[in-house]
Amino acid sequence: MQQDILVNWSPQETRVAVVENGAVQELHVERTLERGLVGNVYLGKVARVLPGMQSAFIDIGLERAAFLHVADVWHRQPEGEPPGFVRSSQPQVPIEKQVFEGQALMVQVIKDPIGTKGARLSTQISIAGRLLVFLPQDDHVGVSQKIPSDQREALRSRLQTLVGNPSTGGGGGFILRTNGEDANDGELAEDIAYLRKTWSRIREASVRLPPPSILHQDLNLLQRVLRDLAGEETQTIRIDSKEQFAILQAFGSEFMPAGAQRLQLYKGERPIFDLFNIDEEIAKALGRRVDLKSGGYLIVDQTEALTTIDVNTGGFVGARNFDDTIFKTNLEAAQAIARQLRLRNLGGIIIVDFIDMGREDHRDAVLAEFRKQLARDRVKTMAGGFSQLGLVEMTRKRTRESLAHMLCEPCPACAGKGTIKTARSVAYDILREILREARQFNPREYRVVAAPQVIELFLDEESQHLAGLSDFIGKPISLQSESAMGQEQYDIVLL
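Numbering (the working numbering) for the sequence shown: 3 to 497.
Hints listed in this document are in silico derivations from the structure and should not be mistaken for laboratory results. Be aware that a few hints might be false.
What the hints assert, rightly or not - Pairs of lysine-lysine, DSS-like flavour, derived with a Cα cap of 25 Å:
(1) K148 - K286
(2) K113 - K286
(3) K374 - K330
(4) K269 - K244
Unchecked claim - The following label-pair restraints were derived from C-beta to C-beta distances:
(5) K99 - D281: 22 to 32 Å
(6) A469 - S12: 16 to 26 Å
(7) D358 - P478: 52 to 62 Å
(8) S202 - A49: 27 to 37 Å
(9) Y430 - L52: 50 to 60 Å
(10) S483 - A377: 55 to 65 Å
(11) T421 - E395: 18 to 28 Å
(12) A156 - A415: 19 to 29 Å
(13) I249 - D141: 31 to 41 Å
(14) Q14 - A248: 14 to 24 Å
(15) E282 - R402: 51 to 61 Å
Glycine included, C-beta positions come from ideal geometry on N, C-alpha and C.
Can you make the complete structure from the sequences, with help from the hints?
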């Protein structure tokens, strides 16, 4: 499998496409003005301590002071206990005895500011790498709980050996992430060295800079290309900005030399995303319908609670009999669905409605192909078998906003429902509203202000009903077309 990574950079936005064998598999977008603060490390200054709330406000140089609760103040754990463990018998030290106004304090953002609330902070620093999480204030070596229990002890022993190796530095605790489960010793050692070097820079900056100052900013998308996206199968990483190419090359040479060797500066005349029609793929990934090569198609509906994917045969008539037609459509759909999940970055609960298959061997083959395709996903997925209703339930870990949530907003006409009332339904709503108001008020005239298509209906097909209502209430009704109004919007003015 040949994998290429294309990076389209502009001052306002970075876009990254992962292409495998000529087909786009993943899209990542980061906008400069929308970058979050989670993971950033600051040298803050305690502005106020509130004993009644057991919290403190910390000035970290943002518009609003950030919030530190006593539960997020780090303590060294007893020997043998994992990080974050708190004995129920161990009394919590009041916050007023741990911090004081004017104190300089190293903190990390664990929750972005929302509305009028400032960022939430912790004094326990953790630095995420590609395969590991570094806990510089701890000495615990652990393994993610999501890795199967029968593999954890062996992985912990391997990691313990690497952590204690003088060539990777020394000190600090590590937790192996789920995507480090299959990593070799060389990759783990590279990640350990990168994380320790990053922590060394943070400590050096905390001594040199005055509070409030930022000490460490979590990697931007451009840098995460080297940390998270590039792997052994990556052939090239092509970037279309000379300036950012130089910055990324310097970063990679210091922290990730293996990835830096794959960097290439794109000098072509055509925009880099035109090479594989990536803008066209983005447009398709925002639509409901996905056409399959065979003539079948998928319908993808994303809601707040879950995502549903419906498979349809469409115009596919290539197989000799109906069972084979369904089977081949479902096989192609299994591959397409796994790709769409990556492309759209869909997470949470996902329900797939494959076309009903009568033969059990066909169901088994489709399920095996679906799981095989899901296994290529760098995000953790879990798929069950066919339910009694013929549905496949699965989950995919939410890592960031889906592509649709990032690039789109609810339609102002339908408010996200996906449908609007017909012009005739709105016209009848208006007639009922006029009748309702005629029982409460006694104006000289009623004026209906509505969208052109509704007014046109009143002037033509519904003119008889409008005239009948005018006679019934004994008042004239005038019409005014307003092109700026949506089809469901209207006003009834009492004159």
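Each hint tested on the structure:
Straight-line distance between C-alpha atoms of K148 and K286 comes to about 33 Å, which puts the hinted pair past the 25 Å bound. Restraint check for K113 and K286: the C-alpha separation of about 33 Å exceeds 25 Å, so the hint is violated. As the CA atoms of K374 and K330 are separated by approximately 16 Å, the hinted pair is consistent with the 25 Å bound. Taking the CA atoms of K269 and K244, the gap is about 9 Å. The hint holds against a cut of 25 Å.
In this structure the supplied range 22 to 32 Å is violated for K99 paired with D281, their Cβ-Cβ distance being about 58 Å. Separated by about 58 Å at the C-beta atoms, A469 and S12 break the suggested range of 16 to 26 Å. Between D358 and P478 the Cβ separation comes to about 60 Å, which falls inside the hinted range of 52 to 62 Å. Hint check: S202 to A49, Cβ distance near 29 Å, so the stated range 27 to 37 Å holds.
A hinted range of 50 to 60 Å holds for the C-beta pair Y430 and L52, which are about 57 Å apart. At roughly 58 Å, the beta-carbon separation of S483 and A377 lies within the given 55 to 65 Å, and the hint holds. The beta-carbon spacing between T421 and E395, approximately 27 Å, falls within the hinted interval of 18 to 28 Å. Separated by about 57 Å at the C-beta atoms, A156 and A415 break the suggested range of 19 to 29 Å.
At roughly 34 Å, the beta carbons of I249 and D141 sit within the given window of 31 to 41 Å. Separated by about 20 Å at the C-beta atoms, Q14 and A248 satisfy the suggested range of 14 to 24 Å. Distance hint check: the CB atoms of E282 and R402 are about 23 Å apart, inconsistent with the given range 51 to 61 Å.
Checked against the numbered hints given earlier, this structure breaks hints 1, 2, 5, 6, 12, 15; the rest are met.
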